[in-house]
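Trainee: What follows is the residue order along each chain.
Protein chains: 4
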Amino acid sequence: MRDPRQIAVVGVTGYSGLELARLLLRHPSLETPVFYLRDANGTACLAERFPQFRGWGEAPLRPLGVAAIRSSGAGTVFLATPHEVSAELAPQLLNAGLRVIDLSGAFRFHSAETFTSWYKLPAPHAAWLGEAAYGIPELYSKEIAAARLVANPGCYATSVILALRPLVESGWIARNTSVVCDSKSGASGAGKDPRRDLHFVELDENCKAYGLFAHRHTPEILEHTGLSESQLVFSTHLLPLARGILSTIYVTLDPPQTGPDVEALFRKFYAGRPMVRIWRAGTLPELQHVAHTNFCDIGFVLDSSGRRLVLISCLDNLGKGAAGQAVQNLNHMLGIEEQTSLQ
Amino acid sequence: MRDPRQIAVVGVTGYSGLELARLLLRHPSLETPVFYLRDANGTACLAERFPQFRGWGEAPLRPLGVAAIRSSGAGTVFLATPHEVSAELAPQLLNAGLRVIDLSGAFRFHSAETFTSWYKLPAPHAAWLGEAAYGIPELYSKEIAAARLVANPGCYATSVILALRPLVESGWIARNTSVVCDSKSGASGAGKDPRRDLHFVELDENCKAYGLFAHRHTPEILEHTGLSESQLVFSTHLLPLARGILSTIYVTLDPPQTGPDVEALFRKFYAGRPMVRIWRAGTLPELQHVAHTNFCDIGFVLDSSGRRLVLISCLDNLGKGAAGQAVQNLNHMLGIEEQTSLQ
Amino acid sequence: MRDPRQIAVVGVTGYSGLELARLLLRHPSLETPVFYLRDANGTACLAERFPQFRGWGEAPLRPLGVAAIRSSGAGTVFLATPHEVSAELAPQLLNAGLRVIDLSGAFRFHSAETFTSWYKLPAPHAAWLGEAAYGIPELYSKEIAAARLVANPGCYATSVILALRPLVESGWIARNTSVVCDSKSGASGAGKDPRRDLHFVELDENCKAYGLFAHRHTPEILEHTGLSESQLVFSTHLLPLARGILSTIYVTLDPPQTGPDVEALFRKFYAGRPMVRIWRAGTLPELQHVAHTNFCDIGFVLDSSGRRLVLISCLDNLGKGAAGQAVQNLNHMLGIEEQTSLQ
Amino acid sequence: MRDPRQIAVVGVTGYSGLELARLLLRHPSLETPVFYLRDANGTACLAERFPQFRGWGEAPLRPLGVAAIRSSGAGTVFLATPHEVSAELAPQLLNAGLRVIDLSGAFRFHSAETFTSWYKLPAPHAAWLGEAAYGIPELYSKEIAAARLVANPGCYATSVILALRPLVESGWIARNTSVVCDSKSGASGAGKDPRRDLHFVELDENCKAYGLFAHRHTPEILEHTGLSESQLVFSTHLLPLARGILSTIYVTLDPPQTGPDVEALFRKFYAGRPMVRIWRAGTLPELQHVAHTNFCDIGFVLDSSGRRLVLISCLDNLGKGAAGQAVQNLNHMLGIEEQTSLQ
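Protein chains in written order, with UniProt numbering: chain A, 1 to 343; chain B, 1 to 343; chain C, 1 to 343; chain D, 1 to 343.
Quick caveat, the hints were computed from the structure, so don't treat them as lab data.
Treat the hints with care, as some may be off.
Put simply, identical chains are the same to the list, so a pair is met inside one copy or across any two.
Said to hold, decoys possible - In the DSS-like style, the derived pairs of lysine-lysine whose C-alpha atoms are separated by at most 27 Å in a straight line are:
{"#": "1", "residue 1": "142", "residue 2": "192"}
{"#": "2", "residue 1": "192", "residue 2": "208"}
{"#": "3", "residue 1": "120", "residue 2": "268"}
{"#": "4", "residue 1": "208", "residue 2": "142"}
{"#": "5", "residue 1": "208", "residue 2": "268"}
{"#": "6", "residue 1": "268", "residue 2": "142"}
{"#": "7", "residue 1": "142", "residue 2": "120"}
{"#": "8", "residue 1": "208", "residue 2": "120"}
{"#": "9", "residue 1": "192", "residue 2": "268"}
{"#": "10", "residue 1": "120", "residue 2": "192"}
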C-alpha cells in the first residue's frame, strides 16, 4: 500500500517546479519529497544543484526513471513537465498505483478532439482523460479528493474561470453579448527556456499582446464557464514583471444589478473558500496583493446603469496559477486543511 | 506683428514639459524658445535648473508672468500646465495676439457642460471653447493650421480615437454592440508629483486598473469617435514602466470582413500620414516599437468568422500622446513638414 | 510578570513594519500580536486597514498609547518607528518592564556623541545606550538573549559587518590599505514616504549613488568591524528594484591567502549559524538568491596573487536587513530556534 | 577614389547595430547607408526586417559579402560584428581601400599577446594592430582623424578611462594604492543572444557581479590609464535595466586636494569636448541623465581630508559606449562637427 504523503516530483527546473519545491519542502504533513530530473548530473541533493535552496532543508535529487519512482514507495507524484512528457509518464505511474497531479495541459480536457485541435498532437492517453479531475478546488473539491489523476489548470484559465463562474451560474450574463477577457501576465508564465522575446531587454519597458484567438487556455475557459466560442474573446499580454496575472473581464448583465447584489453573489459562491478573496464593490485588487501567495483576488466596478460590469481577477501565476494550486489539490487529496503550507 | 516661430513655453517641470523642451531645442525652424516657470528661482537658463539639458543648447528660463510673455515678442505659446492654470492663462495670451497650444484638458470640449461634468469645475473660458481645434492632425489638420487655440488631446484618447475612427467612418461596427477599450499606460502619464501609489515600490512588479467609468479622457473619445456612452467601455491600467500606452480594443463587425479589407481601410484612411503606422493584418505592434517616438502604431487580428476584431494601438504617452503631438500641431500651424524635429 | 510571547508592534505602516507583521502573524510560538498605530482611524483589525493581510489571520489594530501597551499584558514590543519616535517611546516601555526590539537607529551606538554627530539630534536616552545589545545574533547572541533592549542594525551595516568581521578577527587585512564597500540597494530601503526621487519614473531604468561619506550606517560599520574612519570607504547606491542589498567589498590581504583558506575562515566563523550562507570560493551569490528570505549570502573571488579579495554580501533589506533579523533577535530572547518563522 | 560619406554597415541585428542604424539614418552629412547581413533573407530593405524603422527613411539591406561591399562604392564601413568576424573582415576591407570603424574587441590592443591572452584566440591581424587608432576622440582625435582603422572601445572601458585619465596625467593618484572601479551595467551590454541568465525573470529584481579579475575590458583600461595590473581592481555588475553604465571609482590622492581643484582639473582637461560633461564638485550624475545620449557624465565627492575621492562616471552603453562613439569617430574621420547626429 503506497503512502500518499510520500511525494515524488518530476521536473523541478522550471519556474513552476522550483516554486513547487519551495512549497513542498516547508509542508508540515509530508515526508521529505524526492526530486527526479532527466539530467540529474550525479548531484545527490537539491541544494547542490539549486543553491538558493541551501538552508531550506535537504531533499534527494535522483535521475528520472519510472521504475525508480515506482520502487521508491512514493504514493503521490507531481509532474512539472511539458505536456508531451506528462502524457507519456502519467499513465505508467497511474498504472503502478500512484496518484498523479499533472501541471501540464495534457489531461485538462475530457475530449481527445479538443486536445488534438489545440495542441496539434495525438491524445494517446484517451483512456485517462475521462478520469482526470480538473484541479480548481473551489469548483471541484469532491472530484479532486477522490481522483487518481488531477489536471492542474492553466494560470490564465484559473483567473478567468474563478471570476466568471458565479456569474454564469447566476444566469445574469446577457445573451448574445461578448464576454471580453483581457489578461495580462508576468514573464515567468512563459517558461524558463531562453527565448529572444523573453530576453530582459526585449521585455523591459515593453508590453505586448500575443496568441489572439489562438491561446491554449481558451478551451479550458470554454469548458468550465460554459460560454460558447463565439461569445468569448480572450486575449493575453506580456508585462515587464516576473510574477502575476491580472485579468480584466467585461460582462454585460441582463437584468441590471446593483453593486451589493454582485458582491453578495460572489461572497455566497466562495463562502468557506479562503483562497478566493472577494473585494468590496467598487474596490479593485492589484497584482502586488497576490504576488507570492496562493490567493485569487476578485473585485469589480459596475456602471451606473447596472448593466456593464468590469471584473478584475488577480493571482500569482506560479502560486494559485500553478504550484500553489497543485499543493492545494494535494491537500484535498490528503484530506487536510486546504491552506496547509500556502500561507 | 508677432513671429509664430518665436516660442514661449510655460511649465517645463512635468514629464510632458521636459519632453517638449527636448523637442523644441532641436527643432531646426524655430528661434531659441524661452521657458517660463512660476518658480524660476533666479536661475537664468534651463540647463542650470535641469542639468540633463547641458550640452543641448542654451535657453532662457524666466519667472512666469503674462506681461513678460506678451512683451517678449513670442508668437506661439505652449502651456504644459494643469488645466486650472491653462484655463486662466490661455485667454489672456490669446487676447494679446499669441497662438496657444494647450497640453491640458481645459479646452478639449466644445461644450462647457461636458467640461464641468467631468472636471467638476466651472468652465470660465466658454467663449474660447468653440474656437479651439482638437489637436489630432491626422483628423483635423485644416482646423489646426488655421487655429489660434489648439487643445492637445489626452494620451489615452489619442490612442483610442486613431484606432477607432476609420472603423466608425466605414460603418462596419455592429450596432448595439459594446466597444471595449482596455488601455494600459506607463507611469509618466500619471504626472510627476510624488504620490504614494506612484512610489517605485508600489508600482514595481505591479499592475492595476483605475478610473473605471470615470476617466476624464472618456468624453474626448465619445466626441471624436461618435460612439454613444452606453456603447463604449473604457478602462485604464498602470504598468511598471515609464513611457507608453498600449490600448487593446475589441470591436464586433457587421457585416463580417476579411483581414486584407480591414488593413486596406486603415491604409487608405491614413495614406500620407506618416506618424500613424499601420501593421500588416495579423501582426501586432509592441510598446517598444513606439517608445521615444511620435508614432502611433496600429495592428489587428481578426477571428476566423470575420466578426470579432481586436486592435492594438500603441504610442508614447509623452510623444504622440503629449509633447510630440504638440510639436506636430505647431508644425501644421507654421505650415512646415509635420515630422520636423519628430524623428 | 509579563509574558514575552505576548507581542506589541508599534508602527506597521512602513515597509519594514508590514514585513514584520507578516512574519509575526505566521510565527508558531507567539500569541496573536497586537498592532498600534498613531493613526488607527477607528479600524479594529489589521486586514481592514491593509487588505493584503486578509486571509493571513486576524490581529487587532489599536490607537498608539504607552498606557494601552503597558496595560495590554504584552511582554515584548517591536518599534518599527522613526528614530525620534523610538527614542521617546523605548524608555517608557522599558521602565514599564517590557523588552524592546527597536528597528530604528536610536539605540545603535554606545556613545551619545556618535549618535549626535551623525543624526544631528541630542541623545536623550543616554542612560539606555550602554545597555542596548546590537542585534546581529551571529555576533552577539548571548548579549541579545539577555537584553532588555535590542537595537536592530541598519540594513547596509548588516551586509557589510557580516562580510568583514571574520577577516578583521583573522588579522588578514593589510595595514594602511583602504577597505572599499560599494553597496547597492533596492528602493524599499529608502522608506515609504512619497518623495520625488522615489517616484517610479525617477528610479525606473536609473541607478545613482547617494550619501557618500555621509551615510548614517557608517558609524555602525566602524564600531562593529573595528576599522578606522580613514580606512573605510562606504558608498550607497539606489537600484531599480524593490528589495535587496548587494555589497561589493574590496579588501587587500597581507599575507596573501588561497581561496580555500578564505572559504575555511568564513565557514568556521559561521559554523552553526544557518542564516549566513557561505558560497564556495569563486562562486557569487545574487540578489534573487536572498529576496524574501532571512539569509545573508557571502561569496568571494580572490585574484591570482592571493592579495586582492572581492567579497559579495547579499541580503533582503526587509528580511535580514530589518524585520527578519528583528524576529531572529526575538527568537534568541525567547530561547527558541533562531530560524522560527523565518523560512 | 572612394567617398567616405558612402557608408556600409555590417551586422545590424545586435543592440549596438540597431542603435548605429538609427544614428546613421538621421545623419545629415551622409549618403543613405547600406546594411549587410549574413542572413539577409531576401528582404530588400531595413524596415521590412526591422519594423521599428518604418518611417525613419528607407535603406537597402543586402547579403553580406566582401566583394559586394567593395564594389558598392562605399568608402567607410562599420563592423558591428563579433570579434572573430571583425578580425576576418577588416583586413580584406582595408586592403580594398575602405576605412573601417570596428565596434568589436579585435583591434583594441597594440600587442597581439594582450589580445591572445584575454580573448584566448590567435591574433591573425597583427599587421593591422599597430595601425589601429583607439577610438576615444577626447583622447586621440588626431590619430582617429587620420586613421584607416579605428577600434571603437569597450563600453565599460570608456566610462573608466574618461574618469581616470585626467587624474593619471595630473600625477595626483597616490603611489601603491589600489584604484577600485565598481562598474554597473544594464543588460543590453551583454548582447542580444538568448541566454538563461539574461531571461527577463532571471535579471528582473536582481543584481549580480560577474567577470571578476577576468573581464576583457581590463587590458584596455590598463593600456589607456597606465595603471599597473596590481593597482587596478575592476568589477562588473548586471543591473535590471536596459541601457547604461555607471562606474563608481575609488581613488586615493597624494597630496590631498580640494573639491574645486579636482573640478578645475577635469574642466580643463575636457575643455572644448562637449560630449564629456563635468558635474560641479559634490554633485553626482545618474544613469537617467545619459540614457539615449552620447554624453559621458563625470561627477565626484571628495572626503574632508582631501585624500579619498569617489568618482561617478555614467554613459549609455549603446551611445557613448558603442554606436554613438562610433559615429563620433566617423565625424572626426570626415572632418565635421563631432556632435553631428548625436543630439
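Trainee: Could you run down the list of hints and mark each one as holding or not?
Mentor: Cross-check of the supplied hints:
{"no.": "1", "hint": "142 with 192", "verdict": "neither (33 Å within a copy, 45 Å between copies)"}
{"no.": "2", "hint": "192 with 208", "verdict": "both (18 Å within a copy, 19 Å between copies)"}
{"no.": "3", "hint": "120 with 268", "verdict": "neither (40 Å within a copy, 38 Å between copies)"}
{"no.": "4", "hint": "208 with 142", "verdict": "neither (39 Å within a copy, 34 Å between copies)"}
{"no.": "5", "hint": "208 with 268", "verdict": "between (36 Å within a copy, 25 Å between copies)"}
{"no.": "6", "hint": "268 with 142", "verdict": "within (19 Å within a copy, 53 Å between copies)"}
{"no.": "7", "hint": "142 with 120", "verdict": "neither (32 Å within a copy, 53 Å between copies)"}
{"no.": "8", "hint": "208 with 120", "verdict": "within (25 Å within a copy, 35 Å between copies)"}
{"no.": "9", "hint": "192 with 268", "verdict": "neither (39 Å within a copy, 37 Å between copies)"}
{"no.": "10", "hint": "120 with 192", "verdict": "within (22 Å within a copy, 31 Å between copies)"}
Hint violations for this structure: numbers 1, 3, 4, 7 and 9, all remaining hints satisfied.
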